[in-house]
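Chains as they are written, first to last, in numbering that gives the first Met the number 0: chain A, 0 to 253; chain B, 0 to 460.
Derived from the structure by calculation, the hints contain no laboratory data.
Among these hints, one or two may not hold up.
[Stated by the list, open to error] Ranges of calculated distance between the beta carbons of each label pair, as one might list FRET restraints:
hint	chain 1	residue 1	chain 2	residue 2	range
1	A	Val-182	B	Ser-360	36 to 44 Å
2	B	Ser-446	A	Leu-159	56 to 64 Å
3	B	Leu-424	A	Ser-128	41 to 49 Å
4	A	Asn-196	B	Leu-424	35 to 43 Å
[What the hints assert, rightly or not] Away from chain B, derived, C-beta distances all over 10 Å, residues of chain A:
hint	residue
5	Leu-4
6	Arg-19
7	Gly-42
8	Glu-113
9	Gln-239
10	Ala-253
[Unchecked claim] Just a few of them, taken from the derived set where beta-carbon distance is under 7 Å, the chain B residues facing chain A:
hint	residue
11	Pro-41
12	Leu-48
13	Gly-51
14	Asn-90
15	Ala-109
16	Gly-111
17	Gly-115
18	Asp-116
19	Trp-159
20	Gly-238
21	Ile-246
Backbone N, C-alpha and C define an ideal beta-carbon position, used for all residues, glycine too.
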Amino acid sequence: MSEFLASAAAKMGVPEALVRRSAEARAKATGSSTDEVLAAWAGGEAAPAAAPPPAPEPTSAPEPAAETTPEPEPVPAPAAGPTAGTAAAATPETIESVVAAPRPATPPILVGREERLAGTMLGAAALLSVSLLVGFVVASTPEETNLAYTSEYAYSEAALRGQELYRSEGCTACHTQVVRPVVADALLGGVSMSDTNQVIGTRRFAPDLAHIGSRVGTDADLYLVLGGTDGHPPLTGLDQSDLDAVVTYLMESA
Amino acid sequence: MSATTQVEGQDRAAVTHLLVSSLHLGLGSILTLLMLAGRVFPEVLTGALGFGRVQPMALTSVMVGWLAVALVGAAYHVLPRLTGTRLWNENLAAVGAWGLGGVGVAGVIALGIGLGDGGGPLGLPWWLDSAIAVTLLIPLLVTIQTIRRRTETGVFPTLWFVASGVVSLPILAILAALPARVGLQLALQDVVFTAGFSTLWVTTMGAGVGYYVAVRATGNPLANRQLARAGLLSLLFAGIWAGPAQIPFAPVPDWLGPVVAALTLALPVAALANGLGIAQTVGTSWSGLRERPALGALGAAIAFMAVVGLATSVATFESASALVGFTAYWDGVLYLALFGVGGMFIAAWAYQTLPAMTGRSLVDTAASRQVRWTMWFVGGTGLLLMISGIIAGLGMTGGAFSAFGPDSWSSIVGPAAIFYGLAVLTGIGAFAAQALFILNVYRTLTSGRATEQEVLVEAPV
Chain A
0 MSEFLASAAA
10 KMGVPEALVR
20 RSAEARAKAT
30 GSSTDEVLAA
40 WAGGEAAPAA
50 APPPAPEPTS
60 APEPAAETTP
70 EPEPVPAPAA
80 GPTAGTAAAA
90 TPETIESVVA
100 APRPATPPIL
110 VGREERLAGT
120 MLGAAALLSV
130 SLLVGFVVAS
140 TPEETNLAYT
150 SEYAYSEAAL
160 RGQELYRSEG
170 CTACHTQVVR
180 PVVADALLGG
190 VSMSDTNQVI
200 GTRRFAPDLA
210 HIGSRVGTDA
220 DLYLVLGGTD
230 GHPPLTGLDQ
240 SDLDAVVTYL
250 MESA
Chain B
0 MSATTQVEGQ
10 DRAAVTHLLV
20 SSLHLGLGSI
30 LTLLMLAGRV
40 FPEVLTGALG
50 FGRVQPMALT
60 SVMVGWLAVA
70 LVGAAYHVLP
80 RLTGTRLWNE
90 NLAAVGAWGL
100 GGVGVAGVIA
110 LGIGLGDGGG
120 PLGLPWWLDS
130 AIAVTLLIPL
140 LVTIQTIRRR
150 TETGVFPTLW
160 FVASGVVSLP
170 ILAILAALPA
180 RVGLQLALQD
190 VVFTAGFSTL
200 WVTTMGAGVG
210 YYVAVRATGN
220 PLANRQLARA
230 GLLSLLFAGI
240 WAGPAQIPFA
250 PVPDWLGPVV
260 AALTLALPVA
270 ALANGLGIAQ
280 TVGTSWSGLR
290 ERPALGALGA
300 AIAFMAVVGL
310 ATSVATFESA
320 SALVGFTAYW
330 DGVLYLALFG
340 VGGMFIAAWA
350 YQTLPAMTGR
360 SLVDTAASRQ
370 VRWTMWFVGG
380 TGLLLMISGI
390 IAGLGMTGGA
400 FSAFGPDSWS
410 SIVGPAAIFY
420 GLAVLTGIGA
430 FAAQALFILN
440 VYRTLTSGRA
450 TEQEVLVEAP
460 V
C-alpha cells in the first residue's frame, strides 16, 4: 500500500495523509479496497466505479494542498451524478437527460488543519462581550459632573407621552437632540455635557431640537411645521391630542 | 448494492433560507428605495410611507429578513461540507428560515401601522426584538450541534468565520432587545448594533463564504491560511467600534474617541487580509468573469469590502468624525456594507452553489448582468450618499443646517440634497439589480436546465 500511496501522492502533488484518507473514502463509497483505489490513482487508471479525481492545481502559495482534498471525505462522499434526490425535484424528461450523462461530482468537502472550534466560538463571544461591556455599558453609564449645566429636563407627563410619540413616529430619523461642543452647534444653546433624558438620535438631516422650545416664538410655529410646512412632512397619523403631546414635549425642551 | 446511503433532505434548509431571504430582498429593496425617496420628497411620502417610518421598516426587512436569513442559509450549506456530517436537525433549521422571515414581515407591518416604539436600533416593539433574538438562537444551536458531531477534524477557515458569526449575531440581537434609557444609552444601542451587524455578521460571514466559493469555483487550494486567520481576528477586534464614531461629541466619555479610532483601524486590515486571501486563492482564474458570475460577484464583494473598511476607518478619526458625524455619510457606508458586501457575497454563494443544491443549472447571462449592475448602481448610491453627508457636514460646520427655520439650513444644504437626489436615481438601478438577483434565483429554481446535483451520502451505521 505504501508504494502505491507514495506514488499516487507524488503524482497528484498532494500530501500522503490526505491521499490515504481520500482513498479510504473512495473505497468505502465504491465497495472496493483502498489498495485498489490507490493502485488506480498511482497508475493513472480509472478507479473502481468512479474516475480518479483531478489533482489540485499546483501553486506557489505557502499552504498549497493542505486545504483541499482531491477526493470525497470519509463520511459524506459524492455520488457519481444525481440520485433520487435529483429525481424528486426534476421532471421525467430531465431525469432521463441527467442520468444519461453522469460524470464524477466535484469533492464536496474542504478540509484544513486539525483544530478545535470551541476556542474560536468562545473567543468570538468573549471578545464581543468585552467590547459591548466597554463600548456600550461603560460608555453609556452616566458620570457625575460638577458642571453647572445639566442636560436633564423636568418633563411633564404630557411631555413624556409626547416623547414616546416622537420616538415611535420616527422623528429621530432626521432630528437630533444633542448640542455638541463644536462650531457647528455654536448657536444651538447649552452644550449637552452630561447624559440627557432627551432622544439624542443618530442622524441630523433637519434642525436639532435639543432646546427647540427656546428657539421658537410660540407653539403655533411648531403646529405649523408639524402640519406640513417648511419641507416637513405632515404628521397625518396623529390625532389632535397626540399632536398636542408632541408639541408639549418640544416646547418643554427649552 | 451501495455501501452508502444518501443524506435525505440535504440542502433543504439552505435552499429554504435562500428562498425566504430572496423574498425579503424584494420587500427590503422596495422599502429602501421608498426610504431614499422619502428624504427627497418629504411632503409627498407621508404617514406610513414617511421617511421616519419607512427607514426602520427597510432596515428590518434588509437586516433581519434578508441578510440574516441568507447568510444563515449559506452557513447551513457549507457546514455539512466542512464537518463531514449531516446538518443537525434539518427540520428545525428550515423552520428557522420561516421564523426569522416571518418575524421580519411582522416587524415591517408593526412599524408601518405605528406600533413601533422607537426603542432599539430597528425601532421595533420589545416583543418583536425578543422574538428576533430567540429565533437567532436556532442557527447557533444547529451550528454547535453539527460541529459537535463532526467527523472531519481538519478545519477549513470558513468554519472559523461561520462559528464566529453565528455566535455574534444572537448577542447583538440580545443587545438590541434590551430596554435602554432614553439618551446616550438609546443612541449607542442603535449605532453599536448597526456597526456590529455590518462587521461581525455581514462581513464576517460573507468573507467566510467567500473563501469557500473561491476554492469551489476554481478548484484551487486555499492560498494562505494565515491571511484568513488575520482577516478573522481583525474583524473580531473591529467589531462594534465603528458605531460610536457615528455620534461624535455626544456626551460620551473622553477616552472613547481614541479607542474607537484605534480599534476601527482593524477594519481595513481585515478587508485587506481577506481580500488578498480570497484573490490569491482565485489566482489566475479571475479571467473570464463574464462567464463566471460567482467569481464576478466575489470580486465585487472584495472591492466593496475594501471601500467600506477604508471609509469607516477614516471617518472614526476625530477631525473627520466631526465633519461627517450624524450625516448621511454613515448611511452611505451602511448601504455599501449591506447591499454591496452582503449582497455580493450572497450572490457569489448562490451562483456557485444553486446548481449543486438544486440540480438545476444557473440562468447565467442575467447573473453576470446583475453583478455588473450592482457594482455600478449600489456602488454609486453608496458613494453619492457619502458625498451628500460630507457636504452636509461642511454646511453644519459653517453654522448652517443645525438651527431652526428654513433660511438657516434648507437653503444652504441644497448641494447635499442634490447628491441625495442623485442617490435616489442610482438607487432605482440598484433596485433593478436586486430584482434581477431574485429573478435569477426564481428562474433557476423553476426552469433551470437539469444538471448534476451534489449528493451527500453517508455510510450505514
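Consistency of the hints with the structure:
Judged by the Cβ atoms, the range 36 to 44 Å given for Val-182 (chain A) and Ser-360 (chain B) is violated: they are separated by roughly 60 Å. At about 57 Å, the CB distance of Ser-446 (chain B) to Leu-159 (chain A) agrees with the hint of 56 to 64 Å. In this structure, Leu-424 (chain B) and Ser-128 (chain A) meet the distance hint of 41 to 49 Å, their C-beta atoms being roughly 43 Å apart. Restraint check, Asn-196 (chain A) to Leu-424 (chain B): a C-beta distance of roughly 41 Å satisfies the suggested window 35 to 43 Å.
Residue-level check passed: Leu-4 (chain A) sits 18 Å from the nearest beta carbon of chain B, beyond 10 Å. With a least CB separation of 13 Å from chain B, Arg-19 (chain A) remains clear of the 10 Å interface cut-off, as annotated. Distance check for Gly-42 (chain A) against chain B: the nearest CB is about 23 Å away, which clears 10 Å, and the non-interface claim stands. Against chain B, the non-interface label of Glu-113 (chain A) is violated: not every CB pair exceeds 10 Å, the least being about 5 Å.
The non-interface label for Gln-239 (chain A) is consistent with chain B: the shortest C-beta to C-beta separation is roughly 16 Å, beyond 10 Å. The non-interface label for Ala-253 (chain A) is consistent with chain B: the shortest C-beta to C-beta separation is roughly 12 Å, beyond 10 Å. A least Cβ separation of about 4 Å between Pro-41 (chain B) and chain A falls short of the 7 Å threshold, and the interface hint therefore holds. With its C-beta approaching chain A no nearer than about 9 Å, Leu-48 (chain B) sits outside the 7 Å limit, and its interface hint is violated.
At about 2 Å, the closest approach between the beta carbon of Gly-51 (chain B) and any beta carbon in chain A falls short of 7 Å, and the interface hint on this residue holds. For Asn-90 (chain B), the shortest C-beta to C-beta distance to chain A is roughly 17 Å, which exceeds 7 Å, and the interface hint is violated. The closest approach between the C-beta of Ala-109 (chain B) and any C-beta of chain A is roughly 11 Å, which is over the 7 Å cut-off, so the hint fails. Interface restraint check: Gly-111 (chain B) against chain A, minimum CB-CB distance 10 Å, threshold 7 Å, status violated.
Among the interface hints, the one on Gly-115 (chain B) holds; its C-beta lies about 5 Å from the nearest C-beta in chain A, closer than the 7 Å criterion. Taking 7 Å as the C-beta contact cut-off toward chain A, the hint placing Asp-116 (chain B) at the interface holds, the least distance being around 6 Å. The closest approach between the C-beta of Trp-159 (chain B) and any C-beta of chain A is roughly 5 Å, which is under the 7 Å cut-off, so the hint is satisfied. Below 7 Å, beta-carbon pairs count as interface contacts, and Gly-238 (chain B) has one with chain A at about 5 Å; its hint therefore holds.
At a threshold of 7 Å, the smallest CB-CB gap from Ile-246 (chain B) to chain A is about 6 Å, leaving the interface hint in force.
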